[in-house]
Amino acid sequence: MPPGAIVCRSLWKIFEAGPSRVTALKDVTLNIADGEFVTLVGASGCGKSTLLRTLAGLEEPSAGELEVGGIPVTGPGVDRAMVFQNYSLYPWLTVTGNIKFTRQLTAHTRDRTSADVERAAGRADALLELMGLKAVAGAYPNQLSGGMQQRVAIARALMSRPRILLMDEPFGALDAQTREVMHDLILHVSELEQSTVVFVTHDVEEAIYLGRRVVLMAPRPGRIDSVYEVPLPARREQAMKLSSGFVRLKAAILKRIRETSGLKTDLELLQKLSQRAAS
Amino acid sequence: MIPAPGAEPAELRDRRPNLWAIRGSVSQRRYWALATLGLSLPLLAWWALAAFGTVNPVFLPGPLDVARRIGTWFADEELMADVRISCYRVVAGWTLSALIAMPLGLFIGTYRAVQALLEPLTDFVRYMPAVAFVPLVMLWIGIDEGAKIGMIFIGTFFQMVLMVAEDVRRVPMQQIEAAQTMGATRTEIVEKVILPSAKPALLDTLRITMGWAWTYLVVAELVAANSGLGFAIVKAQRFLQTDKIFAGILLIGLIGLAFDQAFRLAHRAAFPWLYAKG
Chain R
1 MPPGAIVCRS LWKIFEAGPS RVTALKDVTL NIADGEFVTL VGASGCGKST LLRTLAGLEE
61 PSAGELEVGG IPVTGPGVDR AMVFQNYSLY PWLTVTGNIK FTRQLTAHTR DRTSADVERA
121 AGRADALLEL MGLKAVAGAY PNQLSGGMQQ RVAIARALMS RPRILLMDEP FGALDAQTRE
181 VMHDLILHVS ELEQSTVVFV THDVEEAIYL GRRVVLMAPR PGRIDSVYEV PLPARREQAM
241 KLSSGFVRLK AAILKRIRET SGLKTDLELL QKLSQRAAS
Chain D
1001 MIPAPGAEPA ELRDRRPNLW AIRGSVSQRR YWALATLGLS LPLLAWWALA AFGTVNPVFL
1061 PGPLDVARRI GTWFADEELM ADVRISCYRV VAGWTLSALI AMPLGLFIGT YRAVQALLEP
1121 LTDFVRYMPA VAFVPLVMLW IGIDEGAKIG MIFIGTFFQM VLMVAEDVRR VPMQQIEAAQ
1181 TMGATRTEIV EKVILPSAKP ALLDTLRITM GWAWTYLVVA ELVAANSGLG FAIVKAQRFL
1241 QTDKIFAGIL LIGLIGLAFD QAFRLAHRAA FPWLYAKG
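Chains as they are written, first to last, in the numbering used here: chain R, 1 to 279; chain D, 1001 to 1278.
In isolation and in its complexed conformation, chain D is listed as follows:
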């Protein structure tokens, strides 16, 4: 049958977007299907390997063993106390470094003289291995909570300063010059243009460095700790409790993911203008 002029041809409705188009789009449903697949495949492979493989459970405990271990940890070994103290250490170390890195990065990104004074130094220090600072931190700060927070600080601070400086430098010059031609003073430009303009990028920097702070948790809890998720992993290593090592790693990953999502939600709530379209 010849379709009436102007009627939609049949193939118009059937055509699906090409999955392999460069930067092409995928439907919401397909996106979640793929995401579920990506998460469940490794889990399935892990389970199959542990169940049917000939791998010694000391090397690779199955997912069920790990889940059971999390259960007993929660019931008998104060899992929540470990989670709480680890969260406290990470958040405290990260907050301390943010409190200093934000103003410092703002200065480095705004004034070339401050950049020349501080940036090469920061670049140098950030390449030093944080783990190697453990004995020094014990020597300088001692072995109480301050030392663990100090380790997280050392791990995140120097990177954070550089990222904040870069965020501030990315504020378009036109925005600054427009304020200058409107008669804004230097303080007004920093307060009313540079800061609000850089804010979304700064929140992203905070989110990313929070992730790094979590990766330094095990290092921090190497310092004479007797609690915490990182400490639990280190202790499980000593007793070859592979299932507990797995449990600790997975828990840190999950908590980190939750923090990350919280930051993303905050980003959407704080900067509606970034997401407003049309």
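Looking at chain R on its own, in the form it has when it is part of the complex:
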């Protein structure tokens, strides 16, 4: 099996806290091909982050099988890098220091030769260039905007050439314009690196624009509701967001999320309340 392929077979995750039991993942079966870009969307509490954290090895499944490249996952591994929404950078290290952080870890420095060291230095430089961070290489994270910080987080994750990139709402805290720039950047990077990407978001437009497939999850219990193929060419452009295929898919997914979320606006009740307030 290619090293970037992910296989989930009947994954369950149950959180137990005292008397309460929450089924965060119910019987999740999902295959992701090597080099594929898959996005996970769904209402809050649908388990999309839990699924991603399980893939990362940060959560242990309660039942079921999880294999990456044909090997069962038992914990975090250098083949799977993760980008968090925020606060994951090390504020005491410069941008370069953050990107080269993995070089301090034994997991990355075993059997190292001078050629390896040189290649790593070149890799860090190339990533700085690629992510547009050359000018701020010596700055500390808290001197950067949110968008720039996420560029650093992505560069750091890519440093060890992971086969799989796991992204947990990485652009959730960014403004709309910065987000668009980051979308095209991450598409470019994933094509260049040929890595598998699993991307969690609550923004349906983002999910469709980035993903080859969109996996819709539903809450209580957290489960996979439906999977959509995105009917767009592999190379995405911002203008495609206005195409009929895009708009139709967006409408369908939004409708399904509304149906599964269990949240409803009771219009009748609102009307009654405003009438009472008026009289």
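Quick caveat, the hints were computed from the structure, so don't treat them as lab data. Backbone N, C-alpha and C define an ideal beta-carbon position, used for all residues, glycine too. Be aware that a few hints might be false.
Quick list of simulated restraints, FRET-style, between CB atoms [claimed, not checked]:
no., chain 1, residue 1, chain 2, residue 2, range
1, R, Arg258, D, Arg1030, 53 to 63 Å
2, D, Val1125, R, Lys134, 51 to 61 Å
3, D, Val1125, R, Asp184, 35 to 45 Å
Calculated from the model, a selection of chain R residues having no Cβ within reach of chain D, i.e. all distances over 10 Å [what the hints assert, rightly or not]:
no., residue
4, Gly18
5, Gly77
6, Ala81
7, Glu129
8, His202
9, Arg223
10, Arg235
11, Ile253
12, Leu273
Heads up, simulated SDA-like pairs for lysine to any residue below, C-alpha to C-alpha not over 25 Å straight-line [what the hints assert, rightly or not]:
no., chain 1, residue 1, chain 2, residue 2
13, D, Lys1192, R, Arg220
14, R, Lys100, D, Leu1274
15, R, Lys100, D, Gln1175
16, D, Lys1277, R, Asn142
17, R, Lys134, R, Ser190
18, R, Lys134, R, Met148
19, D, Lys1199, R, Leu105
20, D, Lys1277, R, Ser190
21, R, Lys100, D, Ile1176
22, D, Lys1199, R, Thr23
23, R, Lys100, D, Ala1132
24, D, Lys1199, R, Leu93
25, D, Lys1277, R, Arg179
26, D, Lys1192, R, Ala137
27, D, Lys1192, R, Ser190
28, R, Lys255, R, Arg220
29, D, Lys1192, R, Gln85
30, D, Lys1192, R, Ala124
31, R, Lys134, D, Met1173
32, D, Lys1192, R, Arg103
Take the given structure of chain R and dock chain D to it, following the hints.
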């Protein structure tokens, strides 16, 4: 006259920031003016009360009496020796407690099992009155320097452990998990993430507990001392030398302030990334 379009209107330059805006800003000059006022007003009130009031100087000696007392203390009664021995006791007791509290707090803040084992116990002990330990310390350690250092230790250690544990717990989980996904081992996470991340907070904890160590000095020098600032205060009490009591209290306050400022400077020097902006 109608101003040209785009020109700055006159009131733009004259408008001053509202002093009472919630969390509003004050200019540097105004800040120092207020700080000077805040420090000098009580001094002035003290002086006026002592000079024109009908207060017996045994109850309230004037600032000049106190200053004169510090002068004679320095000239005839070995003030510097008292300062030196008191500094030594405070720093030694505090260092001892830091040496044990740092690793212990790190463990409590990192592992829930260690927290369960030690935190309730520490919480219990820290409520015990340190002063009441004086006779016990004399009984267990004796009456030499060790006993005084031991008193400072008892006063600071238990608080320090809890604060260190809290500092360590405040390290964002995302920073730890990011290291885990990069393949860091447990030791590497503690060494390369938790410690550097908690360092600024730990230095603040050291600064605050240093302040507490100074407040325990008088208690420590209740233990069969014959030198030190705290001892001098206790002895002056016996002879009703109110001016010397005032002098001792003020000196301890001033030395404490100097230590505090030194810690703040060290903080700025050690963690440039916290102060780097823009």
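These are the hints, each one checked on the structure:
1. R/Arg258 - D/Arg1030: 53 to 63 Å: With a Cβ separation near 55 Å, R/Arg258 and D/Arg1030 satisfy 53 to 63 Å, so the hint holds.
2. D/Val1125 - R/Lys134: 51 to 61 Å: holds, 55 Å
3. D/Val1125 - R/Asp184: 35 to 45 Å: violated, 59 Å
4. Gly18: holds, 15 Å
5. Gly77: About 7 Å separates R/Gly77 from the closest Cβ of chain D, which leaves it inside 10 Å; violated.
6. Ala81: Nearest chain D Cβ is 6 Å from R/Ala81, so the label is violated.
7. Glu129: Holds, because the least Cβ-Cβ distance between R/Glu129 and chain D comes to about 21 Å, which exceeds 10 Å.
8. His202: Nearest chain D Cβ is 18 Å from R/His202, so the label holds.
9. Arg223: holds, 24 Å
10. Arg235: Non-interface label on R/Arg235 holds, nearest chain D Cβ at 29 Å vs cutoff 10 Å.
11. Ile253: Fine: 28 Å to the nearest Cβ keeps R/Ile253 off the interface.
12. Leu273: Holds, because the least Cβ-Cβ distance between R/Leu273 and chain D comes to about 33 Å, which exceeds 10 Å.
13. D/Lys1192 - R/Arg220: Given that 25 Å is the threshold and the Cα spacing comes to 39 Å, the pair is violated.
14. R/Lys100 - D/Leu1274: holds, 20 Å
15. R/Lys100 - D/Gln1175: holds, 15 Å
16. D/Lys1277 - R/Asn142: Since the Cα atoms of D/Lys1277 and R/Asn142 sit roughly 7 Å apart, the hinted pair holds (cutoff 25 Å).
17. R/Lys134 - R/Ser190: holds, 20 Å
18. R/Lys134 - R/Met148: holds, 11 Å
19. D/Lys1199 - R/Leu105: holds, 20 Å
20. D/Lys1277 - R/Ser190: violated, 32 Å
21. R/Lys100 - D/Ile1176: Within the cut-off at roughly 16 Å; holds.
22. D/Lys1199 - R/Thr23: Outside the cut-off at roughly 38 Å; violated.
23. R/Lys100 - D/Ala1132: At roughly 54 Å apart (the allowed maximum being 25 Å), D/Ala1132 and R/Lys100 break the hint.
24. D/Lys1199 - R/Leu93: Between D/Lys1199 and R/Leu93 the Cα gap is close to 13 Å, so the pair holds against 25 Å.
25. D/Lys1277 - R/Arg179: holds, 24 Å
26. D/Lys1192 - R/Ala137: holds, 20 Å
27. D/Lys1192 - R/Ser190: Roughly 29 Å separates the two Cα atoms, so the pair is violated.
28. R/Lys255 - R/Arg220: holds, 18 Å
29. D/Lys1192 - R/Gln85: holds, 21 Å
30. D/Lys1192 - R/Ala124: holds, 19 Å
31. R/Lys134 - D/Met1173: Violated - the C-alpha atoms of D/Met1173 and R/Lys134 are around 29 Å apart, more than 25 Å.
32. D/Lys1192 - R/Arg103: Holds, at roughly 12 Å.
Checked against the numbered hints above, the structure violates hints 3, 5, 6, 13, 20, 22, 23, 27 and 31; every other hint is satisfied.
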